[in-house]
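**Student:** What follows is each chain in one-letter form.
Number of protein chains: 2
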Amino acid sequence: MTEILVSEVGPRDGLQSIDRVMPLEAKKRWIAAEAAAGVREIEVGSFVPAALLPQMADTAELVSFAKEIGGLATVTLVPNAKGAQFAAEAGVDAMSIPFSMSETHSIKNVRKDHPAMLEEIAAASSIAREAGIHFSVGLSTAFGCTMEGAVGEDQVVHLAEKAVEAGAQELSLSDTTGYADPAQVRRLVRRVRAAVGEDLLTTLHLHNTRGLGLANVVAGLEEGITTFDASLGGLGGCPFAPGASGNLVTEDLVLMLNSMGLKTGIDLEKLLDVRAIIEEALPGEPLYGFTPDAGPMLDYAERSAA
Amino acid sequence: MTEILVSEVGPRDGLQSIDRVMPLEAKKRWIAAEAAAGVREIEVGSFVPAALLPQMADTAELVSFAKEIGGLATVTLVPNAKGAQFAAEAGVDAMSIPFSMSETHSIKNVRKDHPAMLEEIAAASSIAREAGIHFSVGLSTAFGCTMEGAVGEDQVVHLAEKAVEAGAQELSLSDTTGYADPAQVRRLVRRVRAAVGEDLLTTLHLHNTRGLGLANVVAGLEEGITTFDASLGGLGGCPFAPGASGNLVTEDLVLMLNSMGLKTGIDLEKLLDVRAIIEEALPGEPLYGFTPDAGPMLDYAERSAA
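Those protein sequences? They're chains Y and G, same order as listed.
Following the working numbering, the numbering of the first sequence begins with 1 at its first residue and continues without gaps.
Following the working numbering, the numbering of the second sequence begins with 1 at its first residue and continues without gaps.
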């Protein structure tokens with residue numbers, strides 16, 4: 001049975017996209033409950049200045065908490081080398097730095113062009129390497145940009161190679177904008193892996209802005225991708241608001257993968273129960289997904305044991 | 001460029017699932033507008049007794065109307081040989097008869113076990129053949145049944161062969177219940193085609209009850225399927241109500257296929273405008289889809305011209 005890693009990014013990608021701050025205790029309950037449901041990797045926060053993203057101010061405390069949970073890999077986002085230093089001090093298992101394939105987006109977002117970002121990545125990767133921490137680069141806007149439109153595949157492949165030269169041990173092809181289509185996913189995954197080698201871990205971070213999230217997962221599976229990011233309840237993205245993230249919904253992803261007979265190790269019923277923690281901590285916050293309402297198929301147990 | 005036929009089933013599958021009756025003139029506007037957007041096949045209604053489904057009472061008039069539209073194939077559902085006779089008299093281009101793979105569902109739904117349904121199919125196909133009308137059998141509940149749970153793949157393959165012996169010129173593998181997963185779609189399509197031959201047209205009728213509709217389309221594309229049913233606005237199915245149909249949304253399907261560089265011949269902007277006709281004729285009726293709200297990607301035109 002093929003093992004698939006579903007990496008939960010809700011506590012970071014979900015929470016940083018909404019204005020309200022989830023209390024630390026609720027975040028802890030969320031992380032603990034997902035781990036108990038069988039989730040083996042969670043991005044718990046981001047080491048950004050608290051003045052910029054107060055939602056992420058408790059990231060170091062969450063890392064300490066998550067590290068105590070057996071069998072769980074604790075990941076944080078780091079925007080730059082300074083963030084990498086904080087992550088190393090906190091003792092994360094892995095850190096991920098976003099690198100926007102659209103230079104317009106990169107300059108607008110972090111005020112760095114591509115050469116400047118590559119320097120930052122190299123500096124951050126040195127910190128990670130010295131601390132023995134897994135280092136991932138998120139190739140954001142890899143499938144298109146709301147400012148530039150199309151992002152050339154040649155450019156993505158070239159920047160992917162540069163990111164590996166700068167120290168990336170993992171590349172996460174990220175559909176930040178919900179632009180990816182399944183043919184593009186197959187093409188770009190194949191091209192990037194051909195360029196950087198099959199031995200380097202390539203993963204997918206997909207959004208569901210246009211409803212193509214799971215279709216793109218299928219395309220990724222066809223290309224041999226075995227790690228996918230998702231956010232519980234699709235938190236933090238209204239798929240009906242242009243520009244919003246529309247994160248892939250963890251519950252639907254797990255239903256699909258388990259039904260296909262792929263091994264995620266995640267108990268769907270327990271995962272569905274985790275929603276109550278978010279609903280209680282952030283009342284009224286919209287949560288998404290089809291599985292929470294439709295429920296699994298009658299023969300779900302047979303399928304997932306297949 | 002691979003040509004894909006998107007077959008619109010909303011005027012039948014969508015409208016028969018809601019209680020209100022759409023006025024004939026609105027149905028005509030809908031059909032004409034979709035044809036003008038480039039849709040080449042529409043299931044306009046069903047030849048069932050008006051006492052059972054008053055929503056479908058004007059099917060013969062719609063067939064007359066749709067036949068006058070150039071380049072459009074006019075399809076109707078027929079539940080039995082009697083319906084086939086009406087369809088032949090109306091002069092449809094194609095008729096489709098549902099054949100439930102779950103015998104429990106078949107008996108409950110049309111009070112016929114499998115042998116009785118196969119007799120009905122043979123009788124209907126004779127009528128179609130004599131009239132020179134394309135004859136399709138919809139293998140409903142092929143991916144699972146809300147009453148029986150799993151429906152054996154051996155059984156589906158066996159009944160598919162029987163349907164072809166009874167005169168089917170096309171088999172539509174139908175996920176009536178929203179149970180299909182992408183691995184199952186690939187497996188079942190491959191097995192059915194191996195059994196009945198690649199020359200026989202095999203198509204997919206998918207639902208989106210659990211959000212896997214487009215993921216299952218990708219699986220079907222991988223297996224060489226080139227015809228997919230969909231319903232404008234996902235009309236007639238609330239994907240959040242267990243047991244409801246949750247039809248695949250035509251707009252999202254077309255966005256995905258066109259973005260992939262597949263040739264549907266459908267103009268997405270014109271298709272999106274068709275929703276206004278339904279909204280006006282059935283005020284308050286829920287319509288679904290991501291594309292209507294998110295809009296196409298900035299580089300959509302480049303992608304679809306690829």
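Wrong hints could be hidden among the right ones.
Anything over 10 Å on all C-beta distances counts as not near chain G; from chain Y, calculated [as the list claims (entries may be wrong)]:
id, residue
1, H158
2, K162
3, R191
4, D252
Taking CB as the label site, the calculated pair distances span [as the list claims (entries may be wrong)]:
id, chain 1, residue 1, chain 2, residue 2, range
5, Y, M1, G, K263, 33 to 43 Å
6, G, P23, Y, A26, 27 to 37 Å
7, Y, G265, G, E130, 24 to 34 Å
Calculated directly from the structure, the hints in this document are not laboratory data.
Source: prediction; values computed, not measured.
Backbone N, C-alpha and C define an ideal beta-carbon position, used for all residues, glycine too.
**Student:** Provide an ascending list of the numbers of those earlier hints which the structure does not satisfy.
**Tutor:** Violated: hints 4, 6, 7.
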